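Given next are the chains, with one letter for each unit.
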Amino acid sequence: MQASTRHTWLTPVLAYLAAALILAFLSHSLPRMLPGDFVTAMYGASDVTLTAEQAADLRALYQDNSGFTAFLGRVFCLDWGYSYAFQAPVAALFFDALPWTLVLMGTAHVLSSILGFVLGVEAAWRRGTRTEKAGVGLMTVLEGIPELCSGVLLLLVFALNLGWFPAAGAQTAYADHTFVQQVADRLHHLALPLTTLVLAYFPGNFLLARAGMVMVMKSPFVLTARAKGLPPLRVRYAHAARNALLPLVTRFGLRFAFMITGALVVETLFSYPGLGTLLFNAIAMRDLPLIQGIVLAASIMVLGINLALEFVYILLDPRVAHAS
Amino acid sequence: MHLDAGHRIRRDPWFLTGAALLGLLFCLAVFGPVLMPWDPYDTSFIPLDPPSARHWLGINDGGMDIFAELLSGLRNTLIFGLTAASAGLILGSVTGLFAAWQGGWVDQILMRLADIVLAIPSVMILILLAAFFQPQPWVLALTLAALTWPTTARGIRAQALTLKHGLHIQAARHMGGSSRYIIFRHLMPELFPLYLINFAAKLRMAVFMEASLAFLGLFDPSLKSLGLMISFALKYYYMDIWAHWLMPPVLLLSFLIMGTTFVTISLERVFDPRLKTAL
Numbered sequence: 001m002q003a004s005t006r007h008t009w010l011t012p013v014l015a016y017l018a019a020a021l022i023l024a025f026l027s028h029s030l031p032r033m034l035p036g037d038f039v040t041a042m043y044g045a046s047d048v049t050l051t052a053e054q055a056a057d058l059r060a061l062y063q064d065n066s067g068f069t070a071f072l073g074r075v076f077c078l079d080w081g082y083s084y085a086f087q088a089p090v091a092a093l094f095f096d097a098l099p100w101t102l103v104l105m106g107t108a109h110v111l112s113s114i115l116g117f118v119l120g121v122e123a124a125w126r127r128g129t130r131t132e133k134a135g136v137g138l139m140t141v142l143e144g145i146p147e148l149c150s151g152v153l154l155l156l157v158f159a160l161n162l163g164w165f166p167a168a169g170a171q172t173a174y175a176d177h178t179f180v181q182q183v184a185d186r187l188h189h190l191a192l193p194l195t196t197l198v199l200a201y202f203p204g205n206f207l208l209a210r211a212g213m214v215m216v217m218k219s220p221f222v223l224t225a226r227a228k229g230l231p232p233l234r235v236r237y238a239h240a241a242r243n244a245l246l247p248l249v250t251r252f253g254l255r256f257a258f259m260i261t262g263a264l265v266v267e268t269l270f271s272y273p274g275l276g277t278l279l280f281n282a283i284a285m286r287d288l289p290l291i292q293g294i295v296l297a298a299s300i301m302v303l304g305i306n307l308a309l310e311f312v313y314i315l316l317d318p319r320v321a322h323a324s
Numbered sequence: 325m326h327l328d329a330g331h332r333i334r335r336d337p338w339f340l341t342g343a344a345l346l347g348l349l350f351c352l353a354v355f356g357p358v359l360m361p362w363d364p365y366d367t368s369f370i371p372l373d374p375p376s377a378r379h380w381l382g383i384n385d386g387g388m389d390i391f392a393e394l395l396s397g398l399r400n401t402l403i404f405g406l407t408a409a410s411a412g413l414i415l416g417s418v419t420g421l422f423a424a425w426q427g428g429w430v431d432q433i434l435m436r437l438a439d440i441v442l443a444i445p446s447v448m449i450l451i452l453l454a455a456f457f458q459p460q461p462w463v464l465a466l467t468l469a470a471l472t473w474p475t476t477a478r479g480i481r482a483q484a485l486t487l488k489h490g491l492h493i494q495a496a497r498h499m500g501g502s503s504r505y506i507i508f509r510h511l512m513p514e515l516f517p518l519y520l521i522n523f524a525a526k527l528r529m530a531v532f533m534e535a536s537l538a539f540l541g542l543f544d545p546s547l548k549s550l551g552l553m554i555s556f557a558l559k560y561y562y563m564d565i566w567a568h569w570l571m572p573p574v575l576l577l578s579f580l581i582m583g584t585t586f587v588t589i590s591l592e593r594v595f596d597p598r599l600k601t602a603l
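Respectively, the protein sequence lines represent chains A and B.
Note that this note's numbering has the first sequence beginning at 1, numbered continuously upward.
Note that this note's numbering has the second sequence beginning at 325, numbered continuously upward.
It cannot be assumed that every hint is accurate.
Listed below are several chain B residues computed to face chain A (Cβ distance under 7 Å; list not exhaustive) [said to hold, decoys possible]:
{"#": "1", "residue": "L437"}
{"#": "2", "residue": "D439"}
{"#": "3", "residue": "S536"}
{"#": "4", "residue": "F539"}
{"#": "5", "residue": "G541"}
{"#": "6", "residue": "I581"}
Far from chain A, by Cβ distances over 12 Å, these chain B residues were calculated [stated by the list, open to error]:
{"#": "7", "residue": "W338"}
{"#": "8", "residue": "V354"}
{"#": "9", "residue": "I403"}
{"#": "10", "residue": "D431"}
{"#": "11", "residue": "P445"}
{"#": "12", "residue": "F456"}
{"#": "13", "residue": "Q458"}
{"#": "14", "residue": "R509"}
{"#": "15", "residue": "R528"}
{"#": "16", "residue": "A535"}
{"#": "17", "residue": "S578"}
{"#": "18", "residue": "T584"}
Taking CB as the label site, the calculated pair distances span [unchecked claim]:
{"#": "19", "chain 1": "B", "residue 1": "A496", "chain 2": "A", "residue 2": "K218", "range": "43 to 53 Å"}
{"#": "20", "chain 1": "B", "residue 1": "D385", "chain 2": "A", "residue 2": "F95", "range": "54 to 64 Å"}
{"#": "21", "chain 1": "A", "residue 1": "A134", "chain 2": "B", "residue 2": "L348", "range": "38 to 48 Å"}
{"#": "22", "chain 1": "A", "residue 1": "L187", "chain 2": "B", "residue 2": "A567", "range": "27 to 37 Å"}
{"#": "23", "chain 1": "B", "residue 1": "M512", "chain 2": "A", "residue 2": "L187", "range": "53 to 63 Å"}
{"#": "24", "chain 1": "A", "residue 1": "A167", "chain 2": "B", "residue 2": "I414", "range": "52 to 62 Å"}
{"#": "25", "chain 1": "A", "residue 1": "I305", "chain 2": "B", "residue 2": "Q460", "range": "48 to 58 Å"}
{"#": "26", "chain 1": "B", "residue 1": "R509", "chain 2": "A", "residue 2": "L315", "range": "37 to 47 Å"}
{"#": "27", "chain 1": "B", "residue 1": "L348", "chain 2": "A", "residue 2": "A167", "range": "28 to 38 Å"}
Everything labelled a hint here was simulated from the structure, so no lab data went into it.
As the structure is a computational prediction, the values presented were derived from the model and not from experiment.
C-beta atoms are modelled at their ideal positions from N, C-alpha and C, and glycine is treated no differently.
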């Protein structure tokens with residue numbers, strides 16, 4: 001049994017380590033496969049003519065001839081290169097933008113998970129009623145609307161037509177606010193991007209939680225719990241819903257690709273100063289070191305989150321730890 | 325069992341709505357650009373001209389007919405989606421079937437490889453490739469397929485493993501059927517519902533990715549795409565272009581993703597034995 005427990009956590013850890021190495025290797029080697037170099041890519045199409053000396057200096061600043069191990073070392077030391085569009089170290093730009101993305105995506109995930117889970121469980125409990133059928137229908141339609149579209153619609157109606165919410169940014173610039181006013185101001189700016197993301201994530205959670213709960217409700221142990229005369233809320237959440245959580249967690253990794261892409265789009269759409277907007281600006285200005293840095297750092301964060309989820313799954317479902 | 329599921333799927337309103345939406349959009353994408361009198365790359369019209377009888381959706385800032393642009397963008401988005409979905413499905417099915425049939429260390433290695441590829445966030449690789457090399461869309465579509473095959477491979481492998489030990493396969497084996505015969509005549513046809521589910525799910529993912537990445541400016545800006553149109557139209561948000569320039573690509577993209585979502589969800593409900601009770 002000891003060996004089998006180790007096997008369950010060792011396999012995902014190894015897989016994620018390998019994935020991280022592949023990502024780091026790609027981000028190290030892809031720029032080297034470019035014809036020419038960063039300097040040619042940057043100034044090749046511009047009107048500036050560089051002297052040989054200037055070109056050599058720029059090359060020394062931007063080009064990195066170190067091997068893969070040295071590159072890995074620099075990744076760990078947060079030495080991710082120098083952005084030529086913003087004239088700042090990539091790591092500094094990344095960590096300036098990161099808190100905004102964490103606030104936006106974190107809140108969106110927490111809200112949509114709780115909402116989706118509770119409503120999904122309640123819907124499964126009321127299976128066959130008219131409200132439940134309408135709810136499932138509405139959620140299926142919402143699941144089909146991409147962030148790009150719902151975001152544009154929310155922007156049009158609530159920011160530009162009604163003017164209730166700001167259309168861009170995360171806070172009023174240079175405002176002289178007290179702490180409470182500042183929090184209110186930031187929430188005001190957060191409202192539209194957050195709504196867009198919750199609208200995108202919540203239906204999926206709802207449908208998965210409902211499907212999981214419907215399957216669980218057929219099991220004998222739920223019948224036992226009911227027959228024991230336990231209060232309905234206890235049967236629903238302590239006994240049944242715990243097991244309905246499992247499909248939510250297993251599907252999370254698969255849905256993550258959608259979620260990151262959606263968050264990138266939403267941040268760009270509402271000019272929210274997080275990683276998505278930073279990446280968008282980097283792409284628009286062809287700032288290759290910055291793109292490289294953001295992609296690698298964000299990917300490693302995604303890998304970390306997914307790996308943590310694997311462990312949550314083992315905790316939630318003891319059967320996994322005991323299986324072969 | 326398949327016949328029964330076939331009947332049920334044909335009576336599922338979600339599947340019918342989704343299939344109708346997709347069918348309509350496919351027809352628009354296939355026949356639209358042919359019937360359209362204007363070339364989407366013709367820049368000879370008056371920029372920002374409002375809709376008229378000649379130009380139903382008006383003219384964009386570059387002097388191009390928006391309706392022609394829309395149809396061509398829909399076609400490009402669909403071509404990207406279909407390429408990525410078919411390549412991913414073929415790659416995943418072949419790997420899954422091969423792993424299940426061979427078993428042993430081949431199976432082990434392929435499935436560990438699937439674990440690793442599955443862990444890599446595909447968007448990030450696409451962004452890196454698109455930003456550095458600005459490749460043709462089909463290269464990106466194939467890359468997406470190379471990163472999304474493991475989900476299919478896992479599903480196909482699991483189902484093929486249970487089938488492999490089924491009575492009819494055992495019987496075919498004892499009667500002297502070769503591996504090739506059994507794989508082509510028994511295993512592959514029986515996995516048909518799985519191909520459908522995976523294809524629809526992959527199509528949805530690829531269309532979503534294409535539109536989003538084009539919106540972010542990662543695709544060749546000279547190729548029409550729904551995401552790119554939305555991004556260009558948003559630059560003129562302060563003008564009266566919402567109804568005829570911004571909304572059409574937004575709606576078309578929503579219908580496309582909605583169609584694939586309905587089909588995917590309904591196929592999963594009907595064909596997934598574990599979800600059968602959830603219908």
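A quick look at each hint next to the structure:
1. L437: It is violated, given that the least Cβ distance between B:L437 and chain A is near 9 Å, above 7 Å.
2. D439: 4 Å, holds
3. S536: Nearest chain A Cβ about 5 Å off; hint holds.
4. F539: The hint holds - B:F539 has a Cβ within 7 Å of chain A, the shortest such distance being about 6 Å.
5. G541: 5 Å, holds
6. I581: 5 Å, holds
7. W338: 7 Å, violated
8. V354: Given a closest Cβ separation of 22 Å, the condition holds.
9. I403: Holds: least Cβ distance 18 Å, greater than 12 Å.
10. D431: 14 Å, holds
11. P445: It is violated; B:P445 is separated from chain A by about 5 Å at its closest Cβ, not greater than 12 Å.
12. F456: For B:F456, whose nearest Cβ neighbour in chain A is about 5 Å away, the distance does not exceed 12 Å, so it is violated.
13. Q458: Incorrect as stated: the minimum Cβ-Cβ distance to chain A is 10 Å, not above 12 Å.
14. R509: With a cut-off of 12 Å, B:R509 remains clear of chain A, as the shortest Cβ separation is near 32 Å.
15. R528: The assertion about B:R528 is violated, with a minimum of 9 Å to chain A.
16. A535: 6 Å, violated
17. S578: Violated: least Cβ distance 4 Å, not greater than 12 Å.
18. T584: Given that some Cβ of chain A is not farther than 12 Å from that of B:T584, nearest at about 8 Å, it is violated.
19. B:A496 with A:K218: 43 to 53 Å: With Cβ atoms ~35 Å apart, the hint is violated.
20. B:D385 with A:F95: 54 to 64 Å: 37 Å, violated
21. A:A134 with B:L348: 38 to 48 Å: Distance hint for A:A134, B:L348 is violated at roughly 25 Å.
22. A:L187 with B:A567: 27 to 37 Å: Given range 27 to 37 Å: holds, Cβ gap about 32 Å.
23. B:M512 with A:L187: 53 to 63 Å: 55 Å, holds
24. A:A167 with B:I414: 52 to 62 Å: Given range 52 to 62 Å: violated, Cβ gap about 44 Å.
25. A:I305 with B:Q460: 48 to 58 Å: 32 Å Cβ-Cβ, so the 48 to 58 Å window is violated.
26. B:R509 with A:L315: 37 to 47 Å: For B:R509 and A:L315 the Cβ distance comes to about 45 Å; the hint holds.
27. B:L348 with A:A167: 28 to 38 Å: About 33 Å separates the Cβ atoms of B:L348 and A:A167, which means 28 to 38 Å holds.
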